Amino acid sequence: MNERQSDFEWLQQFARAGNQNAFREIVGRHINLVFATALHKAGDAGGAEEIAQNVFGILARKAWQFAPDDSLPAWLHKTTLLESKSWLRGEMRRRRREQAAAELGTTMKTSDEQPAINALVPLLDEALLSLREKDRTALLLRFYEQQPLNTLGAALGVSEDTAQKRVQTALEKLSQFFQRRGYKTATVAAATAALQHTATSVSAATVSTVASAALQVAPPVLTGLSLWLARVATLTKVQTAAVCVMVAMVPVLWQWNEQRDADAQLNQAKAGLAAAQGEFSSLLTEKQRLDESAAHWDKALSTARAAAENREAMDQKFAAWKQRVRARLLAADYQWPDDLPFIRIPKSIVPQLAVRQPVAWPGTVRQEARELLGLSPAEREQMEAALQKHMATMDDLMNSDRFETNRTSRTHIPPDALASQVFGLPALGEAVKQSSDEMQSVLKTTLGNERWSMVQEELSYPGTDNLRSILNLDAGENGQELAVWVGERNGTPVAGYSWGDQITAISSSGLVLKFFLPDAVFPDGRSVEDQMGVAQLPPALTQPAIEWIRQQAVNRLQKKGDL
Amino acid sequence: MKRVMLAIIILATGTALFCALHNASAVARQELSVQRTAWQTQTQQLARLYLEKQQVSEHITESKQLFASLPPLPALRQLEQKILAGDSLTNLTAAESEQLLAELGFNWNTTGDYLIVSKKSLDGISYDAMNGEKLSTAARGTLAINAAETSAIESMTGQLSKVRSAWVKEHVQRTEPSGDVVAQYSLPPDYAFAQNQLAIYTNGIMNALGEQRAQWLQNHSADWMMAQGLFTSPDMSKIPKEILATLPSETYQPQPTTMTVKRYNSGNDLRMNYTLEQGGNSMNTSVNPWQPFPEAFSALFPGGWKDLAEREGFALPAEFNKKN
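From first to last, the protein sequence lines stand for chains A and B.
Under my numbering, the first residue of the first sequence is numbered 1432, with each subsequent residue one higher.
Under my numbering, the first residue of the second sequence is numbered 2, with each subsequent residue one higher.
Errors might be hidden in some of the hints.
Computed Cβ-Cβ distance ranges for the label pairs, DEER-style [unchecked claim]:
1) B:D124 with A:A1816: 38 to 46 Å
2) A:G1879 with B:N132: 28 to 36 Å
3) B:E278 with A:R1759: 41 to 49 Å
4) B:N266 with A:D1847: 24 to 32 Å
5) B:A96 with A:W1752: 16 to 24 Å
6) A:Q1766 with B:T276: 41 to 49 Å
7) A:R1759 with B:V182: 51 to 59 Å
8) A:A1816 with B:V164: 14 to 22 Å
9) A:D1950 with B:N266: 47 to 55 Å
Here are a few chain A residues that face chain B, going by a calculated C-beta distance under 10 Å [claimed, not checked]:
10) L1666
11) D1692
12) R1742
SDA-like mimics (lysine to any residue), calculated; alpha carbons at most 25 Å apart, straight line [to be verified]:
13) B:K120 with A:W1752
14) B:K3 with A:A1498
15) A:K1718 with B:T44
No lab work stands behind these hints, which were simulated from the structure alone.
This one's a predicted model, so the numbers in the text were calculated from it and none came from an experiment.
Ideal Cβ positions, reconstructed from N, Cα and C, are used throughout, including at glycine.
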């Protein structure tokens, strides 16, 4: 336990328990320091004692404020100086009133032998106050309370050597202070001497007097809140700092936590907002797409409804048009309708009307024949199905029996022909009749007796463009041949043909050969078969014949460059 | 004092820190409030948008269902529109004609004693419009030529035939038979006469029938007109120029009309054929009872093949006897 702690404990006992002995112990311990300081300030013992009483009176009142790390000697020294100044001001006022200023010089006797020390004494307290508290305490204890170094070390909480070094250091600082003030000869020894010169020893009676006087102004024993405040006041700097830090940190930490919490919530809100904005954006895009789609469907619906309404109006208008057309065409007083696409003819004259090549390969009924028979679309489809089946059968039979020769039996080839080829078909036999009967049976069923009789009559006429020939109904009994040739007419290469069976024959005087070249087209855009006039003949004969002419055209024109 | 100062410093620092944190916290709270308000607003907008999206989706679904429930509009719109727009219907395709006839309900079984056909089909229907100097039943039936029109036309054609007969008798040239040729007669081309006859005929039918029917009547009178010498050269107008250029010039020059009858043996049978060169065309076919006598020379031989055989003194093929 060092001096300071001991002072603190005594003061605590006095302040908290009212232990007056403890206070007397304090007074006894430090009366020399206070008295010495007051003496060299006041200059007389009575004043010094009065000052000492005041200082310890103050200590008695403020005993509760001391902390363990406070230096009581340093506090006493400083308080003594302050009280001394106060006392001196009062004393000066009193003496001026008594005009006894002259006596003042006799009260402060200084040794003639020690003029340098005497010069330092007035600055001594200022010099002490300039030191650090630890150094000042060390000098006060060492010189004013004459404590040996070991006791001093214990009081300061350090070793004896350290205490000595601290005293030495403090003295050096003190001498330096004096030197800075112009006392060049102020050495450590001079400072030490000054301290020793101002030190004094107080009698036990004075101690008792001072202590008693001080105790008279001491406050009552602390209790309750004042005791708690006293405890607070007695905290060390570290403890004070710790308490303050704790006191300060609680709201700070709370606020920090609040701020962190606010930041977290803010970040959460921002993240939530960003997510909501992102979702909103994508949803908005999706909704815009849906809006466009809805607009599209609305428009489509609107258009469809408008079309339906328009269609209804058109249907009514069209129905009226049809009614007018029907009325005009079926009127009893029918007249030629210049403005209509249709006309009316009596059924009685239909047998007098003919359609050239009424059926075309592979079994299509020409428009003229279709209309002359008054075919409905369904009847036409049935009829064409039967015709196509028959013609396909005929084509198969012809392709399998076709032969090629250079000799003609039913046709004529010009004697001046440059080249010729004959494609022949023998009689195809019973299969033709079977196919024909089957086809005619369907036609009869489809057409009914009235129209079938007209078709049947047409089927009975031989002739190259007639239905009988086109359907090759005689091919079962009669052979036929198609002769093709290449020659020149007025210097122009031409191609011609001759077809014949046992009943009829047709021929062509020739078409310009260059139109049979691979890339050539006839000027009017018609097919080769139409140009040649062989469209009504079976493809089993016309296709190889045309191919032969084309080959001739290539051989005779392209190879010779005779274009 | 130092402890007080220390405490003040610490507490002041703490207070400053507290204030700073409080300020920052207040700012953060304020911003948080703003962000929360914005978030809340955004969430409300999002909820509203979800609702709107759902409504739009439902609207689309309803529209689709409604659209699907609308009855489909049948075809034939293009043709119908063409008709209702008053467009010309003279060039209907075969499919359109069939479609329209079906729309009108015209077929063999619905039109009684009549038949409805398209005008376009008339081009492909063959019939002789003239029977001698009379209009044929087919011509009168198809072109709806009434009695007054018939009378006017036949009066004109009768006059043309009389003039033609007189001209034939005046200009015919006979060649003496030799070899297989048993008869040969020729009428020289007379361009001026033909043009005059043609003008009378075309003007006559145009005045009687109007342009539309007159054209069809003329188209179907080609054989009669040829026989009456109204054409002195073939009609080359439909032959492409490229092909025309390759033909010899005499092809489309006025040609005489010549009939040459030849005989030949087919096995033990006597057969005959004849060649008729008329208007630049040449036709070679057999002489048989079903083969009409060339009308160009009928003014000379009203009895046909029989008159000719008697006049030239040759025997007709056996089929003529079978027919009798």
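* Holds or violated: 24 to 32 Å for the Cβ distance of N266 of chain B and D1847 of chain A? -> This hint holds: roughly 25 Å between Cβ atoms.
* Can D1692 of chain A be said to touch chain B, with a Cβ gap under 10 Å? -> D1692 of chain A check passes; min Cβ-Cβ to chain B is 8 Å, inside 10 Å.
* **C-beta pair A96 of chain B, W1752 of chain A: status relative to the range 16 to 24 Å that was hinted** => Holds - the Cβ-Cβ distance for A96 of chain B and W1752 of chain A, about 19 Å, lies within 16 to 24 Å.
* **Cβ distance range 28 to 36 Å for G1879 of chain A and N132 of chain B, holds or violated** => holds, 30 Å
* Measuring from the C-beta of R1742 of chain A to each C-beta in chain B, is the shortest one below 10 Å? -> Holds: closest Cβ of chain B sits about 6 Å from R1742 of chain A, inside 10 Å.
* Does the Cβ pair D1950 of chain A, N266 of chain B satisfy 47 to 55 Å? -> holds, 48 Å
* Is the hinted pair K120 of chain B and W1752 of chain A satisfied, with a Cα-Cα distance of at most 25 Å? -> Since the Cα atoms of K120 of chain B and W1752 of chain A sit roughly 18 Å apart, the hinted pair holds (cutoff 25 Å).
* Asked: Does L1666 of chain A pass the interface check with chain B, least Cβ-Cβ distance below 10 Å?
  -> holds, 7 Å
* Cβ separation of E278 of chain B and R1759 of chain A, checked against the hinted range 41 to 49 Å -> holds, 46 Å
* Per the hint of 41 to 49 Å, is the separation of the Cβ atoms of Q1766 of chain A and T276 of chain B within bounds? -> holds, 44 Å
* Confirm or reject the claim that A1816 of chain A and V164 of chain B have a C-beta distance inside 14 to 22 Å. => violated, 54 Å
* To do: Would you mind confirming whether the straight-line C-alpha gap from K3 of chain B to A1498 of chain A stays at or under 25 Å?
  => With Cα atoms ~11 Å apart, K3 of chain B and A1498 of chain A stay inside 25 Å; holds.
In terms of the numbered hints stated before, the structure departs from hints 1 and 8, listed from lowest to highest.
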